[in-house]
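Chains as they are written, first to last, in the working numbering: chain A, 1 to 385; chain B, 1001 to 1424; chain C, 2001 to 2436.
Everything labelled a hint here was simulated from the structure, so no lab data went into it.
Partial chain C-side listing against chain A, Cβ under 7 Å, derived:
#1 N2334
#2 A2343
#3 E2344
#4 E2347
#5 M2371
#6 S2372
#7 A2375
#8 R2376
Here are a few chain C residues that face chain B, going by a calculated C-beta distance under 8 Å:
#9 R2250
#10 S2251
#11 I2253
#12 L2254
#13 V2288
#14 V2289
#15 T2290
#16 R2291
#17 F2292
#18 Q2293
#19 M2294
Calculated pairs, DSSO-like style, for lysine-lysine (alpha carbon to alpha carbon, straight line, at most 27 Å):
#20 K1424/B with K2021/C
#21 K2112/C with K2125/C
#22 K28/A with K162/A
#23 K1083/B with K308/A
#24 K306/A with K1083/B
#25 K1037/B with K306/A
Backbone N, C-alpha and C define an ideal beta-carbon position, used for all residues, glycine too.
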Amino acid sequence: MDVSLIIQQCENLLHDLSLSYVKEWKDKNNAQAIGYMPVYIPRELACAGGMLPVGIIGGGDEVEVIRGDAYFQSYICRIPRSTIELGLLGNLDCLDGFLFPAICDVIRNLSGMWKITFPQKYVKYIDFPQNFSNVGREYYKKELLLLKTDFENIAHKKITSKDLSQAICLYNENIKWIQKLYDFRSEKPHLVLTYELYLLMRASLILDVREHTQLIKDYLHSVENEKRPLRDYVRVIVTGAFCEQPPLALIRALESSGCYIVDDDWVLGSKYYTQNIPLLSDPIDSLVSAYCDFAVSTASRFEESKNKGHYLIEQIKKYKAEGVIFAAPSFCDPALLERPMLQDILTKNKIPHTAFKYAENTGQIQVIKEEIGTFADSIKLWGET
Amino acid sequence: MQNQSAATLKEDSMVLQKKMLADHYHKLSQAKECGKKVVYTFVPGNLNELIWAFDMLPVHPEINALQAGMRKKSGNYVLEAEKQGHSEDVCTYVKCDIGMLKQGNIGPTGEKLPPPDLLLLSYTGCFTFLKWFELLQQEYHCPIAMLHVPYQGDGKITPSMVEYVVGQLKENVIPLMEKVSGKAMDLDKLQTYLDSSKRAEENLVYIWDTAKHRPSPIDAYFGGVYYIGPIFTAFRGLNECERYYELLKQEINERITAKSGPITPDGEFNDQRFRIVVEGPPNWTSFREFWKMFYDEKAVVVASTYTKVGGLYELGFRHDAKRPFESMAEYCLGCYTNRNLPNRIEILERYMSDFEADGFLINSIKSCNSFSAGQLLMLRELEKRTGKAGGFIESDLVDPRYFSAANIKNRLESYFQMLEARRK
Amino acid sequence: MDCFVGIDLGSTTTKAIFLDKDARILGKGITNSRSNYSVACQVAKEEAEISSRFFLLSETLKGAFTQQQIVEELMEWLSAKFLLAQYKKQLSALKRECLFVLDSWSKHVEEKEKFNHALEKIFFKLEAESTELFQPKQKAKSDFFRDIASSLFLRQAELISKEQTLSFDRMVGIFDKAILRVENQSFAKYFIEYLDFAGNEVSKLPKFKKYEKEILSAIKNAALLNFNIIHTVGTGYGRLTLPFPKEQIRSEILCHGLGAHYLFPKTRTVLDIGGQDTKAIQIDFQGVVTRFQMNDRCAAGCGRYLGYIADEMNMGVHQLGPLAQLSTKPVKINSTCTVFAGAELRERLSLGEKREDILAGLHRAIILRAMSLLARSGGVFSEFTFTGGVARNEAATGALAKLINENYGNITMNISSESIYMGALGAALFAKKDNG
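With these hints in hand, go ahead and build the complete structure from the sequences.
Written out as structure tokens, the structure reads:
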């Protein structure tokens, strides 16, 4: 398939705020769909129940918030208000349940708001362990078993170990291809445009995992033949944007301001594991281990200071990044509190960095573009001396 | 004459609390010399009895921040932290604490605070706590004990949650405390403290309940933040804490007999026109000015949720020496901000009816998403359920830039005038 | 005559309303809120008193003449001449103050002479122009002496300073000082003088000559009328600075609710978008406020925001609405933040978007903020009354009507040209309620 066709398909999914793909999928498979907020849920479990996990990541810059502002004060980020707007508009009616992962107090409280506003829906707050020792793992295992029972009730079917193991394999395949995508991107950043990569990742929030894996394969197959010029851009990593996403126009602007973004934490839930999910005798244990042992470092996970920044530094080395852009949504407590710690470590390691804030509907792209352009130029100049 | 003696007694509990605080901060300033180990920990879900059982001294960064706020020092600290790269968007308790640290870590009494030997991160009801101690660990490089207290997402405490917290206490927290303190866990000592806590808790419940009287002998928000002082901070489990609540109870009983109201900075407040329930923390930088806006309008607060962040006791929970770890776990799990939104609405609804309140007011705090996210929905739900009008104002904990006196006064006056007009 | 007074001390203007014992509006007055609140309050009250006299004067004339057209014409003439007399009085005060300022500023006798001469010339011109300014059927450029005088003075000053090579800035400086002093004086107290002047001037006119007796007698009545203020209630942003006891002060929320109820008795929801804040108010069938919400700390979406935009576009605020209405394809504006609005605006312009489309988007953005405030307060119920300065902007009312319809269905929407007096009206009604 042609690259532009693939990207067009992804872009359609991004704009499909009424989730028609989900409705069609449900009809075709005679099955259910489970929504979730960022960052991460064990999608494998939903998949094992024959359900479609659907990542809801706000309304972007397309939803005009009319009702949502009546729910949130001006000093709270934008994602919960556009999400509740979508809910009130009925756009999320096709979801048979909605999961709210423990990531911050706003999303946490949104779970309670959802319970009140949509009392007929299955709503679950998942408090992932912040203590990754044995006690934490045991607790998480119990939580997963409860979640499994809930899913079984929604799906009207038992989820067997075999179901779960198969689902894990499907996701491992997906992990492998996403990794290939990022590796290829790092190798030939001029071929994989940032916004294309982003759109491919966004598609993972909604597409059936099999379809998504196939999409990446198709893309990688086609993009190799694209004739795209190699530019004198700097290689950077973007971090801080794991929840509320920047508008597509901003993502395009970052690249055109002179940066090849070789790693990022956009749509982080779809690349939450640093390696394949281990295949253990009890597949529930596999999920526990994947979450506790093989996850990325991100602001919503507790991390002792001796480990702080290691992950980022490793990614910088792995992808040969020359600088880091901290891109955080306004009023995002986790990202903005994490930022100074990471900045400090980068400064000590003499890695250039810059920062800006955005909202999912940011209209002032130009200012950010200029700032990032200056940053890219300074790296180029700085690198030569 | 009776008024005279009541006034003297009232002062007694205040005087005692002041002394307890001063002594504690003095002990802290001497900690290193005296070979005492220092534990930084947060008010919600604090394990005070355990800390004292290890003979360590607790420091509560939020308390330092609010004290700095009341002493008009927080503005400068917040700016200092912002200068160091902290965003203007985030919690000002954190920034106040970081700023204070950067400027020499001088505590509220003017004495230097010791650095922590242990960061006891009881992660209860507030995500920011987690980042806050990560930030502090980067400064102090001391060990951190993580106690993850799961949130009551479904509005209940499950056995697995209790097991998880107890498990962490036994397998992570206590071993680390033993290591840092160099002392073995002394269960007898812990149980003695827990017993004492229980007695103080009984008295606190009694005290909150007295607001059912007319006039209310207490202000359960502005006065309430003083009443929670000892039990929410370094003293729960200690004899002096018990003594404080005995004394306070006695004073309040005398006020009930004398049919008098609470003492405000402007004297006794007897002419109570409105009985109000308040949700949300107060503003500390203009605390007195804020309080005055209430009693000037003859509004007394009969119940508040903020005074339940460090422990919610009226539903029956007590620390229990017979179930030391389980009850500590249940304590943490039951703190107000660890409860889900439907549950918080129920609590407020109950306050409205139990205390025969005329209305309720939400003070929405910019810093505190744990409290604030969802408060506008709470407002509408409560109005729907109680038929009473709610008021809504915005301020911040310790950022003086975020307290607009004229705006708040305007809203409060409008609100109370509306209650008056609706009464007619 | 017994009456009740309401005063609304707003951040930009101060309004006063007189009611009679039957809660009939007698008169209203408005002035700009200056640094001295008590003067502003006094001036507004005097204006309202004069307007009451005119109202009663027209009632008397209506009794005296069967032809209403004559009354209307007479009233227009009388009021024009009245304003002229007042203007002349103010003008001579301004001249006096200018000379005073000059005297205290300048040390050089020669220089002072030059400026003195110039000022004399300017005021001679202004005096000569004044009759033309106040003609029947002619709407004054502004309600405020400051606005009228400053534009005329500066025009003359510019001419003269060029002609005589005097510093124009110096002239402006003198004017600025002097006008402040003038503004702090009361001119309404000479109303008998103005009335007499008006009566004499008008009855001299050929077409009214035959009514001289009736006119002069009605004027005399109006001049001698004594207002017995039974009770006054104050409201508005600066209400706490009013020299009233606490019981005589009401919040503007309650006053707007009651005022809206008075003008549109079926009102259930009121939206007021003023300069500094936005209020969404729900009232019951008696006009008692049951719920309300005000904009949060952030002033986004208030009238002030339009002020910033106007500055940014180098336009007058009143020009924004009409331009926005020319839009065919409104741009989606995301930031109602006053801080970011300018940046977003410039970015849009640089992207080649049309000014009217951007403006239409900005108006919609403001109204969206108001919509969320309405939702916070419980929704919109029929009838819905829209008040405040922004209610005079048709692009805003258009956007509001559309959104209300989309979100709440068919709702009757009231907009009153008197909406700026809503707070003062409510306050006057409270004054009557408290003592009636």
